[in-house]
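Assembly of the complex is requested from the two constituent chains, each provided in isolation within its own frame, with the hints serving as guidance.
Protein sequences appear in the order of chains A and B.
Sequential numbering from 1 applies to the first sequence in the numbering used here.
Sequential numbering from 314 applies to the second sequence in the numbering used here.
Mixed in with the good hints there might be a few duds.
Derived pair list, reagent style DSS-like, types lysine-lysine, alpha-carbon separation capped at 30 Å [what the hints assert, rightly or not]:
| hint | chain 1 | residue 1 | chain 2 | residue 2 |
| --- | --- | --- | --- | --- |
| 1 | B | Lys475 | B | Lys375 |
| 2 | A | Lys192 | A | Lys202 |
| 3 | A | Lys192 | B | Lys500 |
| 4 | A | Lys296 | B | Lys428 |
| 5 | A | Lys76 | B | Lys326 |
| 6 | A | Lys202 | B | Lys475 |
Cβ pair distances, simulated, as ranges [as the list claims (entries may be wrong)]:
| hint | chain 1 | residue 1 | chain 2 | residue 2 | range |
| --- | --- | --- | --- | --- | --- |
| 7 | A | Glu300 | B | Thr319 | 46 to 54 Å |
| 8 | A | Ile302 | B | Arg451 | 37 to 45 Å |
| 9 | B | Asn431 | A | Trp5 | 21 to 29 Å |
| 10 | B | Ala547 | A | Leu117 | 17 to 25 Å |
| 11 | B | Val400 | A | Leu117 | 48 to 56 Å |
| 12 | A | Ile282 | B | Gln399 | 44 to 52 Å |
Think of the hints as simulated: they come from the structure by calculation, not from any bench.
Virtual Cβ for every residue (Gly too), placed ideally from N, Cα, C.
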Amino acid sequence: MGLRWYHFAAWAAFVGFMFLLPEMVSKGTLRIIIFANFLAVFAISWDVLSGRTGYVSFGHPFLIGIGAYTTAILTKRFDVPVEISIPIAVFVTMIGGLIVVLPALRIKGSYFALITLAYMELIYQLVQVVRPDLTGGTRGMSGLPTLTRGAVNGYYMSLTLMVIVAFGVWLVMRTRIGTALSAIGMNEEAVKGSGLSVTRLKLFAFLLSAMIAGLGGAFYVHYLGSIAPRALFDINFVFTIIVAALIGGASTTIGPIIGAFFLTFLLEYLRPYLPGAERYFIYGGVALLLYMYQPKGIYEIIQQGWARVRART
Amino acid sequence: MSMSLTITNLVKKFGGLTATNDLSFTIEAGQSVGLIGPNGAGKTTVFSQVMGEHRQTSGSIKLGSEEISSLSTPARIRRGVSRTYQVPRPFSDMTVAENIRVGLMPDSVLGMILKGANTDRELELALSVGFSEDDLERTPAELSMGDLRKLEMARTMATDPKVMLLDEVFAGLTVAEIAMISDLVQKMRADGMTFLIVSHDLKALEPLVDTAIAINYGSMIAEGSYGDVMASDAVRASYLGEA
Numbered sequence: 001m002g003l004r005w006y007h008f009a010a011w012a013a014f015v016g017f018m019f020l021l022p023e024m025v026s027k028g029t030l031r032i033i034i035f036a037n038f039l040a041v042f043a044i045s046w047d048v049l050s051g052r053t054g055y056v057s058f059g060h061p062f063l064i065g066i067g068a069y070t071t072a073i074l075t076k077r078f079d080v081p082v083e084i085s086i087p088i089a090v091f092v093t094m095i096g097g098l099i100v101v102l103p104a105l106r107i108k109g110s111y112f113a114l115i116t117l118a119y120m121e122l123i124y125q126l127v128q129v130v131r132p133d134l135t136g137g138t139r140g141m142s143g144l145p146t147l148t149r150g151a152v153n154g155y156y157m158s159l160t161l162m163v164i165v166a167f168g169v170w171l172v173m174r175t176r177i178g179t180a181l182s183a184i185g186m187n188e189e190a191v192k193g194s195g196l197s198v199t200r201l202k203l204f205a206f207l208l209s210a211m212i213a214g215l216g217g218a219f220y221v222h223y224l225g226s227i228a229p230r231a232l233f234d235i236n237f238v239f240t241i242i243v244a245a246l247i248g249g250a251s252t253t254i255g256p257i258i259g260a261f262f263l264t265f266l267l268e269y270l271r272p273y274l275p276g277a278e279r280y281f282i283y284g285g286v287a288l289l290l291y292m293y294q295p296k297g298i299y300e301i302i303q304q305g306w307a308r309v310r311a312r313t
Numbered sequence: 314m315s316m317s318l319t320i321t322n323l324v325k326k327f328g329g330l331t332a333t334n335d336l337s338f339t340i341e342a343g344q345s346v347g348l349i350g351p352n353g354a355g356k357t358t359v360f361s362q363v364m365g366e367h368r369q370t371s372g373s374i375k376l377g378s379e380e381i382s383s384l385s386t387p388a389r390i391r392r393g394v395s396r397t398y399q400v401p402r403p404f405s406d407m408t409v410a411e412n413i414r415v416g417l418m419p420d421s422v423l424g425m426i427l428k429g430a431n432t433d434r435e436l437e438l439a440l441s442v443g444f445s446e447d448d449l450e451r452t453p454a455e456l457s458m459g460d461l462r463k464l465e466m467a468r469t470m471a472t473d474p475k476v477m478l479l480d481e482v483f484a485g486l487t488v489a490e491i492a493m494i495s496d497l498v499q500k501m502r503a504d505g506m507t508f509l510i511v512s513h514d515l516k517a518l519e520p521l522v523d524t525a526i527a528i529n530y531g532s533m534i535a536e537g538s539y540g541d542v543m544a545s546d547a548v549r550a551s552y553l554g555e556a
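Isolated chain B, as found in the complex (with noise of 0.2 Å):
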């Protein structure tokens, strides 16, 4: 089942500083967007909007038909959206079966207690981002970049979301990396994962998305498809500055 994301009038402000200015779209259910823009754009605020890491100054943002802005974080996920971090953040001490284990886990102490762990579903999830199963035992000290990336798309899709936000998830990997976890959200797409995904790898992100939304200064400055969001005389402006 997919879901649909619908931000109205989102309103972040910092102090003096407008992060995000009167940002409205919608992500159908099912679809893929892509989210760009310069450096200190906004993009990141967004998300963190979304997942209730930051409230917004005002607006609304719906999941489906609920509004979920005033919801916590983790209730937020439990309704659905779920996202990765620009820098990811594993369990250091933990093995990546028990990093994935987390993400498995009920929202109850009880529910904790007294079911064990789903070991088939880790390994499951683990495969799915391409680890092997001798993986499963390695911790994030012995990881490289591009294996904490998948850790973290591991845990994040281990929530069982409906609505994914991407951040930055292609940085730091290989030519190689890249295409797995492209061919990974494509898959996702295929199985009806709606998708916001945020990358400065606009190559990579060109062929995972339906459309594109351009913001600068928090707010937004393009939308539609993807190559005419690119050709838009304002995005290339913001991205190289004024001609």
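This is chain A alone, in the form it adopts within the complex (with noise of 0.2 Å):
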């Protein structure tokens, strides 16, 4: 797996620094945190099917939902403890996991991110529409039990959480089988033809990714107390997810985490000079000039100014 003593030490270094950070920033900054953690959980869990397999999903709140709806209904309505909701919320988001992967056998590129996208589109409605007793329809929930209270729990909370699915999907894609996803990205066909059965390595993938996302799903049910379909099934909300993946460095698992990061702060610090919408214009134009100079994200650039300085000494 080609594991150094130094991988680790930069993991402990970077776990060290950002369980000291509340102690240096203030609680706004931490509740910003907060959203780049979650962010960075989707960005990785969309990263694990779309970044390696080249299955690029435009639908990814479809797995997201399913894992959040779950466990906000289970708590809301049937009074289940949080403890044993996340847990059925992550199954069900993998189950909901097989239904993605279906049109995966078959389709692949645009075809396949345009299902996706009519997937999203489609819960959205079922929401509203079916069983809104159960949904709260348009309007969503609102109460929900939360796991934590106030900035500094909340930002550990989702730290753990960020960090543990972070190191996780580390350890696993630095193994054969990341080898073997990223390949699926670079030429299906050579993949089967080196004897390996794709559609298992891409139930894999989307099972995997699915996994995250219900997690990551359920616990942001749970950190904000409420959910709302409109801001859940929302076309910004894909595209920050990508973004924050491409920009940052798809196909690794550093990356997303750097992009998550990067989006979240720029969005709130232009937040005071352009409180609209047109925050985004700015931040689609920062997205493509860092994609147009470095196609493989901020870690590339990272690197490769590490790499300079350790050219120079």
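What follows is the structure in structure tokens.
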């Protein structure tokens, strides 16, 4: 797997720094980082599926939403405790992952992307129309049980989730399965021609992605204490996830985290100057420039810079 | 251990076009057979049916004594038949070593996760097709056509085949590279590998095969020793046109 001591040292340093952060920054900044942590989880989830295998999903909130709604309905309507509802939500999201993998067995490219977009639209309509007594209809649900109180606790919860997901995915993707999934993204036929069942590999990628999306969605709902279909099944949300993964560095685990933090802070720092949707114009422009400068993302820029520093010393 | 390949009454129709027309032949274990014919004769279509990339309209394909014509491509490869492609298909963002690694992987998710890469075997395969140790970290963008074909050979060999189908392995290669790939094929023949080889480079093909099969419009037009097949009127006519 090529694991070295400095890999773990880097992880430990990152986690250590992040855990000390509440001592250094304001509560407002912490609240921003909480969103960055959740966005990182969603971007990692998207990347496992789309960044690696090349099956670009435009409907990732479909999976996130299944996780979020499952636990929201269970806790709110059936008084199921959170410790039970979250694992159930993850499981149900993985079943949702099976639904997403079905078209991926037959079609790829833009057709697959469009179908995933349709999935998101479908669940958006469904939660509003079918059994609004359960889903809360167009208004969603509020007053859900929250896991934490206050910014600091919320920060630690979201950080723990993000670090566990990121470290786990990083470990798994460093094994040969990571190589195999990336190979699908490069040339699916040649993977078949190497004697590997691409169906099984895709199934693994989609289930892992769904598991993370379900976890992220469920924890997010119990952080916010509410759920609103319009914010969740929103094309802007889709693009934020995809752009975070892409400008951070697709097909890596660190990239989506960098991208998520970069985007979240960019949007927050623009807020005082551009309170409305114009922010997205700037953010689109920045993302585009970065992407044109280095399609492999910020992580690649950092790595190249580091290589230059090392070459000099 | 070597294996035979038996094709019986193979037919492949694409709509109104018959690409393979009632083709039957056997390659005994350890034999090497050249498959020749003009462009569009249906050589590559035979390959893709043996590999399961195209399903035959009718007929049977046996690897050893086992019927494989209903299996998926990866399942056939696990049984011991593998092919190279006319146009090499490397994994573009991966190194030579990683490209070979994909061929060496077990077809099991757990196996991929729990067991690390067999770097010794990767190196061994790379060296056997003529790469140097330094080449392992190069990417396909840095490789010549000859190197890409070598990489394709190495990845195909990594699947541990008993029967290998080589599709135009000499196209775009220098004289030295042709000699190298030829040496490699000869070495593998000596080790008992069964070959079916398609090549338009008939001079390079001749020393590599025991017998030859010529096809045109999907039908067999000659079979026998390489010399006899090349001397056949039907084969001459198919390449040069009717006199």
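(request) Kindly indicate which numbered hints from before are broken by the structure, ordering the numbers from low to high. (result) As far as the earlier hints go, 5, 8, 10 and 11 are violated by this structure, in ascending order.
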